[in-house]
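Chain by chain, the residues run as shown.
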Amino acid sequence: MIDPWIGGALALFFILCACGVVLTAATRGVYPLRALLVFSSACSVLMMFASAAALASGHSFAIDLWSLEGWGRFSIRLDMLSAIFLFAAGLVYLPASLFVRNLVEVRFRGRYPMRRYGVLHFALMASVVLILVANDAPLFLISWECMSVLCYFLVNYEQSARTDIRAGYIMLVMSEAGFLAALVAFLILGRGTPDWSFSSLAGMAQHLSGSAVWGVFLLGFLGFGVKAGLVPVNFWLPRSYTAAPAVFVPVFAGVTLNLGFYGILRLDAQLMSNHSVGTGLFALVTGSITALVGILYATTENDLKKMLAHSSIENAGIIVAAVGASLVFHASGHAVAAAIALTAALYHMVNHSVYKTLLFQGVGEVEAATGTREMDRLGGLARLLPGLSVVFLVGCLSISAIPPFNGFVSEWLTLQCLLRSAVLLSSAVKVLFALCGACLALTAALAVTCFVKVYAMSFLGIRRGDWRHGPGQAGRTQFPLAYLAVACLLLGILPTYVIPVLNRAVEPLAGASAAASLVPPFFSATPENQQLPPAFVDDFHNLGAQTGRHVLPGRGLVVLVRGSEKNPVVFAMSTSYSFVALAIFLLVTWFVATRGSRQRSVTRHELWAGGIPRLLPEMTYTATGFSNPVRVVFQAIFRPNIVEDSRETVAVHFRTAILRRRDETHFVDRLLFHPVGEAVGWLARLLAGMHHGRLNAYVAYTLAFLLIILVLFRLS
Amino acid sequence: MSFWFWHGLKKGVRSTHYPREFESAAGVSPGRPVATEFDSAAEAVVAAANCPADAIVARGSAAEVKLERCIYCQHCHYGNSHLLEWHSDYEWTMAVPGRGKYQPLPTAYHRSLHVIVVDAGDCGACLHEVKQLNNPLYNMHRLGIFLTATPRAADVLLVVGPVSENMRVPLLKTYEAMPAPKRILAVGACAINGGVFGRTFMSAGGVASVLPVDLLVPGDPPPPLAILHGLLAVTGRKSPVLQAASSEGNS
Ligand code: SF4
Numbered sequence: 001m002i003d004p005w006i007g008g009a010l011a012l013f014f015i016l017c018a019c020g021v022v023l024t025a026a027t028r029g030v031y032p033l034r035a036l037l038v039f040s041s042a043c044s045v046l047m048m049f050a051s052a053a054a055l056a057s058g059h060s061f062a063i064d065l066w067s068l069e070g071w072g073r074f075s076i077r078l079d080m081l082s083a084i085f086l087f088a089a090g091l092v093y094l095p096a097s098l099f100v101r102n103l104v105e106v107r108f109r110g111r112y113p114m115r116r117y118g119v120l121h122f123a124l125m126a127s128v129v130l131i132l133v134a135n136d137a138p139l140f141l142i143s144w145e146c147m148s149v150l151c152y153f154l155v156n157y158e159q160s161a162r163t164d165i166r167a168g169y170i171m172l173v174m175s176e177a178g179f180l181a182a183l184v185a186f187l188i189l190g191r192g193t194p195d196w197s198f199s200s201l202a203g204m205a206q207h208l209s210g211s212a213v214w215g216v217f218l219l220g221f222l223g224f225g226v227k228a229g230l231v232p233v234n235f236w237l238p239r240s241y242t243a244a245p246a247v248f249v250p251v252f253a254g255v256t257l258n259l260g261f262y263g264i265l266r267l268d269a270q271l272m273s274n275h276s277v278g279t280g281l282f283a284l285v286t287g288s289i290t291a292l293v294g295i296l297y298a299t300t301e302n303d304l305k306k307m308l309a310h311s312s313i314e315n316a317g318i319i320v321a322a323v324g325a326s327l328v329f330h331a332s333g334h335a336v337a338a339a340i341a342l343t344a345a346l347y348h349m350v351n352h353s354v355y356k357t358l359l360f361q362g363v364g365e366v367e368a369a370t371g372t373r374e375m376d377r378l379g380g381l382a383r384l385l386p387g388l389s390v391v392f393l394v395g396c397l398s399i400s401a402i403p404p405f406n407g408f409v410s411e412w413l414t415l416q417c418l419l420r421s422a423v424l425l426s427s428a429v430k431v432l433f434a435l436c437g438a439c440l441a442l443t444a445a446l447a448v449t450c451f452v453k454v455y456a457m458s459f460l461g462i463r464r465g466d467w468r469h470g471p472g473q474a475g476r477t478q479f480p481l482a483y484l485a486v487a488c489l490l491l492g493i494l495p496t497y498v499i500p501v502l503n504r505a506v507e508p509l510a511g512a513s514a515a516a517s518l519v520p521p522f523f524s525a526t527p528e529n530q531q532l533p534p535a536f537v538d539d540f541h542n543l544g545a546q547t548g549r550h551v552l553p554g555r556g557l558v559v560l561v562r563g564s565e566k567n568p569v570v571f572a573m574s575t576s577y578s579f580v581a582l583a584i585f586l587l588v589t590w591f592v593a594t595r596g597s598r599q600r601s602v603t604r605h606e607l608w609a610g611g612i613p614r615l616l617p618e619m620t621y622t623a624t625g626f627s628n629p630v631r632v633v634f635q636a637i638f639r640p641n642i643v644e645d646s647r648e649t650v651a652v653h654f655r656t657a658i659l660r661r662r663d664e665t666h667f668v669d670r671l672l673f674h675p676v677g678e679a680v681g682w683l684a685r686l687l688a689g690m691h692h693g694r695l696n697a698y699v700a701y702t703l704a705f706l707l708i709i710l711v712l713f714r715l716s
Numbered sequence: 001m002s003f004w005f006w007h008g009l010k011k012g013v014r015s016t017h018y019p020r021e022f023e024s025a026a027g028v029s030p031g032r033p034v035a036t037e038f039d040s041a042a043e044a045v046v047a048a049a050n051c052p053a054d055a056i057v058a059r060g061s062a063a064e065v066k067l068e069r070c071i072y073c074q075h076c077h078y079g080n081s082h083l084l085e086w087h088s089d090y091e092w093t094m095a096v097p098g099r100g101k102y103q104p105l106p107t108a109y110h111r112s113l114h115v116i117v118v119d120a121g122d123c124g125a126c127l128h129e130v131k132q133l134n135n136p137l138y139n140m141h142r143l144g145i146f147l148t149a150t151p152r153a154a155d156v157l158l159v160v161g162p163v164s165e166n167m168r169v170p171l172l173k174t175y176e177a178m179p180a181p182k183r184i185l186a187v188g189a190c191a192i193n194g195g196v197f198g199r200t201f202m203s204a205g206g207v208a209s210v211l212p213v214d215l216l217v218p219g220d221p222p223p224p225l226a227i228l229h230g231l232l233a234v235t236g237r238k239s240p241v242l243q244a245a246s247s248e249g250n251s
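For the record, the sequence lines run as chains G and Y.
Its first residue numbered 1, the first sequence is counted upward by one per residue in the working numbering.
Its first residue numbered 1, the second sequence is counted upward by one per residue in the working numbering.
Treat each hint with caution, since some may be false.
[As the list claims (entries may be wrong)] Pair by pair, the computed Cβ-Cβ distance ranges are:
no.	chain 1	residue 1	chain 2	residue 2	range
1	G	441	Y	176	38 to 48 Å
2	G	160	Y	124	51 to 61 Å
3	Y	236	G	589	29 to 39 Å
4	Y	141	G	588	23 to 33 Å
5	Y	24	G	615	47 to 57 Å
6	G	490	Y	3	53 to 63 Å
Simulated from the structure, these hints should not be mistaken for laboratory data.
Every residue, glycine too, gets a C-beta built ideally from N, C-alpha and C.
Between the sequences and the hints, there should be enough to build the whole structure, so can you do that?
Here it is, written out as structure tokens:
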């Protein structure tokens, strides 16, 4: 049986975490770092092993831990959903652990205590796993709280600037608020429950009234949405991502962000099978807005780390939009469509973890090599860090959804399931779906702009800045980055193998299997297969979909979305085949260019820059210039506050210097938080009028209050 | 609503049939002065002295014309006396004296020629005429000649202007950035020898003083068809008609 293996791996994981804490805390010199490297890598491998074993066998692992008086029973359970999140976490933690050494040496040596970092690192790792495997509300919430606090410590680890400390506080406040919201959601849900395990909570959910469902949904959605970075509770995210040390950010973006989705899925999708269409639409719209706002700010941001943080918000939006679509489909009885949407969401979640970790590590590497993250000061990095530039390019291609990399598959699926709104009955819902689809399409287009800018402005062109370091430390991190790049490619070209695995988690949630309709078993089409009648398969056979059926294992290498009977459209895509075609085209092109053509000579000349005598770095296209069209087109959203100041010599026409400052308040801050803040301030000022310091008046207040109470008692 | 499409159809093809047929429409070319026989040697000398650009040389009783020096002041055309004969053609591209026979580009370029135009301090006249090649009447694209903005894709460097000091380096860089095989076409009197600007501290006095020119299109400015003839001559579809006088230095 597989159980002992999974249990053993989990137990070993916690033991190793404990060992890691002890060793990093107790040793000195180079040993804490080595312990960190070895134990953390081993732990991430164990995470992957346990989850892979669960996913491969399709068997959930559950065990009761112990009972505490007043808290109920603590139990852990590694079901398919947990396993997917756990696997994604392990996937991210492994390179992050290997990466630790390089960045820690560069940034921390002699400045920050290594040992404290190790302790926090292992504690966070353990709490993340506990969150994922918790099978009851108390354990889940306690681990969640631990995770939040540990995140705060890690974000504030460097404490290098005042703004960083502030960012940490904001994050802590927001996570605590989110935690409280989630806590209230659980309390409403579990009113009168005998024990707090998720299964009995799911049973309780059946009896909730409509308004209570909305309450639980909103509280949970916004509460967990804090970690996931959803509008409007995400304003902490860019700040604290920027403040966090480069070693920690990949984990932050690749692991803890996902925990937000895990919370949302756990609470909403599993505990509440009685969703209405409205809640799903709320999630869909919120997700779409989040995605658009995220990518808008990412495109115009010139700080690499902040840009990636905004882009995390964008991806979170896409994921939540897909989850929302799934809830709507589920509520309106289209289980298969719901399953497809949920598959898309989970797929995108895994993809995002992988490429975002890659990009954040790449940025960390860039920062270590150059000492800056400003795109306007970078440029020409491809020559300085050739290896990094290749893997970073893979990351950029993946995140901008360019085939054959992984982002393409999940974004394609997400958009496809929004297009399936034709099956829905209400036309208002259809219109909303169409609008959200347009929003996400715009987001995808802007994402391409954004990452073209990132890559072109920092890696191509000529060197713009006066950098501190040489390429000294580069090279050691190539392996973890290459590993992530390969993961991006594999997730991109083998969706037909990934989707059945994701389907294991999706099936119990959505109540239907997405695998049969998404990756139909073309290679073994049988007459009794309802989903795919033989005539249909024959059509595809003629199109070449069964090419290589004797060589290739697995289901058909085509991802397919079939319309209904009324709407007999088939959307099919095969990244596997297109990858092969791409490879063949590239090879043929290369062959023709080098061998097949006549002898030609190659001469190299200096860069053509329009014939100007000297090309200064300041003259090249800047990141600000590249993204300016976006800034201008969406001025209504950004609403910048531009201050222009110029110095003239003789007359106004002869300017010697122009100073142009541009202040922006984030869209959400401007629309939501600042008005709320002002309202609170106004209320406080109003109340302050009573506090004028005269003792007699205070005594009068007390007397009046007492009288009111007495009258009330009398009346009731 | 505009009916440009319909208008276009109604008007039919208005482009010149130049390389195929001789274009004789009024005003396509100012013509050019040609060698003229006078009654006496003295009259030829007076005719030569009338030219402000030293483009007319008296040889015996004949007045010969060095077209590459002509600035088209038209003194010898509409002046008071001692006028020269004028031809009304436009095929007067010249090979550069002292550089041997012009070697045209390979035949592959016959119907695909990419031209980069560099304004090396030109007054705007020649550039304006070059621009006319793009219009529907001359339409050089029908001959497979295209303008390009990047030297990386260019086969011909078409220079107008006397090469001012500020444009010298860009001109050299443009030439360097072009892939071989490449040709240089100097268009207009200024580009040939400095024209009215001559050689001064701010003017190099013609392209030939900085780069190896291949063909010259005299005229100040040359009409579009003369430039087109020059471009056709670059590819070898036409041959340079005039030989510049060998005694003439191009500086
Ligand atoms: S037109 Fe003027 S410059 Fe030309 S040959 Fe006649 S007189 Fe000389």
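With 29 to 39 Å as the target window, see if residue 236 of chain Y and residue 589 of chain G comply at their CB atoms. 33 Å, holds
Does the Cβ-Cβ separation between residue 441 of chain G and residue 176 of chain Y fall within 38 to 48 Å? 45 Å, holds
For the range 47 to 57 Å, tell me whether the beta carbons of residue 24 of chain Y and residue 615 of chain G fit it or not. With a Cβ separation near 49 Å, residue 24 of chain Y and residue 615 of chain G satisfy 47 to 57 Å, so the hint holds.
Status of the given 53 to 63 Å range, CB of residue 3 of chain Y versus CB of residue 490 of chain G: 58 Å, holds
When you take the CB atoms of residue 160 of chain G and residue 124 of chain Y, is the distance between them in 51 to 61 Å? The hinted range 51 to 61 Å holds for residue 160 of chain G and residue 124 of chain Y, with Cβ atoms some 59 Å apart.
Range agreement (Cβ of residue 588 of chain G with Cβ of residue 141 of chain Y, hint 23 to 33 Å): This hint holds: roughly 32 Å between Cβ atoms.
In summary, this structure violates none of the numbered hints.
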